[in-house]
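Given the coordinates of chain B, work out where chain V should sit on it, guided by the hints.
Chains as they are written, first to last, in my numbering: chain B, 3 to 53; chain V, 273 to 976.
Hints are computed from structural coordinates only; laboratory data are not their basis.
The model shown is predicted, which means the values in this text are computed figures rather than measured ones.
Think of the CB as a built atom: it goes at the ideal place given N, C-alpha and C, for glycine as much as any other residue.
Any given hint could turn out to be false.
Only pairs whose alpha carbons sit at most 20 Å apart, straight line, appear in this in silico SDA-like list of lysine to any residue [unchecked claim]:
hint	chain 1	residue 1	chain 2	residue 2
1	V	LYS865	V	GLN922
2	B	LYS30	V	THR315
3	B	LYS30	V	ARG361
4	B	LYS30	V	VAL477
5	B	LYS30	V	GLU362
6	V	LYS296	V	THR315
7	V	LYS296	B	ALA40
Covered by chain V, per the in silico footprint, the following chain B stretches (three or more residues, Cβ under 8 Å) [as the list claims (entries may be wrong)]:
hint	region
8	6 to 13
9	17 to 29
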Amino acid sequence: MNGLIILIPIALGLGLLGLAAFFWSLRKGQFDDLDGAAWRIFVEEEEGRRP
Amino acid sequence: MSVAALIERDFAVPDIRCAGCIAKLEQGLIRDKRIAAARVNFTEKRVHLSYIADTDMPDLIGAFSNLGFEAHPIGDGPGEADAEAETSRELLRAVAVSGFAMMNIMLLSVSVWSGAAGATRDLFHWLSAAIALPTVAYAGRPFFRSAWRALRHGGTNMDVPISIGVALVCAISLYETATSGPHAYFDGAAMLLFFLLCGRWLDSVMRDRARGGVTALLRNMGTGAMVVGDDGRTRWVDATALEPAMTMLVAAGERLAADGIVVGGESRIDLSLLTGESAPQRVHADDRVHAGTLNLDAPVRVRVTAAGADTTIADIARLMGEAAQAKSRYVRIADRAARLYAPAVHGLALMAFAGWMVAGAGWHQSLLIAAAVLIITCPCALGLAVPAAQIVAAGELMRAGVLVKDGSALERLAEVDRAFVDKTGTLTLGRPDAVGLDRLDIGVRSLLLALSQASRHPLSESLTRGLQACDVRPAEVTSLRETPGFGIKALWAGRLVELGRPQGGDFGDMIATELSVDGRPVATIRFADRLRPDAAETIRALESEGIEVMILSGDRAEAVMPVARQLGLTAQTGMSPQDKLEAIERQAALGRKVLMIGDGLNDGPALAAGHASMAPGSASDVGKNAADCIFLGDRIMPVVQVVRMARRTQAIVRQNFAAAVGYNMVAVPLAFLGFVTPLVAAIAMSGSSLIVVGNALRLKRTIR
Chain B
3 MNGLIILIPI ALGLGLLGLA AFFWSLRKGQ FDDLDGAAWR IFVEEEEGRR P
Chain V
273 MSVAALIERD FAVPDIRCAG CIAKLEQGLI RDKRIAAARV NFTEKRVHLS YIADTDMPDL
333 IGAFSNLGFE AHPIGDGPGE ADAEAETSRE LLRAVAVSGF AMMNIMLLSV SVWSGAAGAT
393 RDLFHWLSAA IALPTVAYAG RPFFRSAWRA LRHGGTNMDV PISIGVALVC AISLYETATS
453 GPHAYFDGAA MLLFFLLCGR WLDSVMRDRA RGGVTALLRN MGTGAMVVGD DGRTRWVDAT
513 ALEPAMTMLV AAGERLAADG IVVGGESRID LSLLTGESAP QRVHADDRVH AGTLNLDAPV
573 RVRVTAAGAD TTIADIARLM GEAAQAKSRY VRIADRAARL YAPAVHGLAL MAFAGWMVAG
633 AGWHQSLLIA AAVLIITCPC ALGLAVPAAQ IVAAGELMRA GVLVKDGSAL ERLAEVDRAF
693 VDKTGTLTLG RPDAVGLDRL DIGVRSLLLA LSQASRHPLS ESLTRGLQAC DVRPAEVTSL
753 RETPGFGIKA LWAGRLVELG RPQGGDFGDM IATELSVDGR PVATIRFADR LRPDAAETIR
813 ALESEGIEVM ILSGDRAEAV MPVARQLGLT AQTGMSPQDK LEAIERQAAL GRKVLMIGDG
873 LNDGPALAAG HASMAPGSAS DVGKNAADCI FLGDRIMPVV QVVRMARRTQ AIVRQNFAAA
933 VGYNMVAVPL AFLGFVTPLV AAIAMSGSSL IVVGNALRLK RTIR
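This is chain B alone, in the form it adopts within the complex (with noise of 0.2 Å):
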């Protein structure tokens, strides 16, 4: 029972720390251009370009 105490707050956070990334990756617009993500890995980037 006392493992319990400590494991599901830690495997309920774990769930909870996914959703809120999620959630972060989806309002920053991770989500809008995904073709566009997987073309980019081959877009060399220029000195001092912003990220």
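Structure of chain V alone, referenced to chain B:
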């Protein structure tokens, strides 16, 4: 300058294809001093620009074309579009929340199923409740809202049993938890919401995707014009800001953004999108010209008489509004199923409750069984049956170059048994193509290319396209100079070469251009609107699918007849938009389901009225807005592919329904007899959903 002086706007750039394009655009555009930031959205083929407020639109378009891209500003009607995108994001958030809840409750439920008892079980049930109740309150809103709307109007829909089921299950589970009962159905409630939300979300994603594609295509209407001010200077004015009495300067190759009267210059105007007529019309001073038509030859000055909603298109828009009402009465297959299903589900649950009460099981036990019946019949599989199949079909069609606007379009397309096809721009390519280029001497061809590629005139562009297709290299010429309305001159090995209007000879309605060297004609190139390469095949394929085809054209009989003969079709000619609309209504009155395929403004009402409709990517904005789906490229074969795919999708949807009904035949008696524990419900729900999705995936191989 200050940051406040920046304007943000989206541009559709249909040619974004690879990583190179992204890099080229983003890095190239910001080299322009007036552009502060550029961000490519590859999925929607858009570029988002922030630029200094007083930059003229042509300069921005120029910045794109310097990099080798065609760009079109996306009109300022994003309000409505954003609302739809917002719905889809809201659904996605709900999917995420219910997914999280489902997995976490399942974590706890599995322990209960595998034998947790006593205080541990109660604790786990309480924890499940703490997760499930807020989730249902948040993720259930789309269903509660829709159910409430239906009930308020005295009707019922699929969302009513869902809402009642979920609410009832939560209430009973809470009571069970409070009284240390053995079974709580929180996992079932969360899972039900998750699967149903997935279905909703897929449906809305499909609409979003098609809408993005359509927006990127909307460009034919001039989105603005160069306006000559009182001081004689020109400035760019957006189509929405144009007002009567302004004077527009319309360059050759530009589409008119408003109705007006020619006040200076003369040219020929291509009316094909407006009336379907293939021969261009000459216009002089005092002639009326209409928005959406294409200026072919020379720059003209046009005094605006009507802009925006007052243009000739407004009449067509009114007809379209009326025509579209019939279509909005179409009831989608899921809703038709719900009409039968919802009363059945309610009836069964009620019967279960009454039956067990009579049998003396007590209200607690009876209610628990009624809830189990509700949750087991509440159709996870039914909610997914339609959208899963339709999104797979739409994805496959999109890969084949067809945009389908929504799921109901696929359902209606599957039912058509008669097709009306417009001629200009639909059976034909709708653009002048140079004829007989391969009969010309190689030297002549390279001279032609050298001259034509220097001009933006529509005929030159068509000539360039034709010549590049047969691998011609341009000759070396110097001192290129273009005189708008007359032609291009250049020096070639010390001789004067010219490409322009034919000097003599009568070509009737044919469009032609002439190449001369030192004033002596060397070659005459005629242009004609060709049939699409696979038109004949497509017509035959449509007929083999049991669809009768007929041409409805606004063009004159002499122009339509050769096409009709070549394809072996009957044709009606010289039809006004009203005539086309009536032709469709007559067929509809006979109980036929008409597929309208057309491109022009004049086809708009017919496209809206047809049981289903399609337009080519080169169609007018009105045509593309009215059509259910849009096929890209020069081939018309996609029309047949869409019909076949739609029929196949419908077959899969029916199989999915059959699977869902079959599952109910097994599950409902079990639920009725009270054998359905939360574990059984969970297995049944996820199992049937997987079957339905798996079946839908079979559509993936239909086209290839």
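Report the numbers of all earlier hints that the structure fails to satisfy, in ascending order.
none
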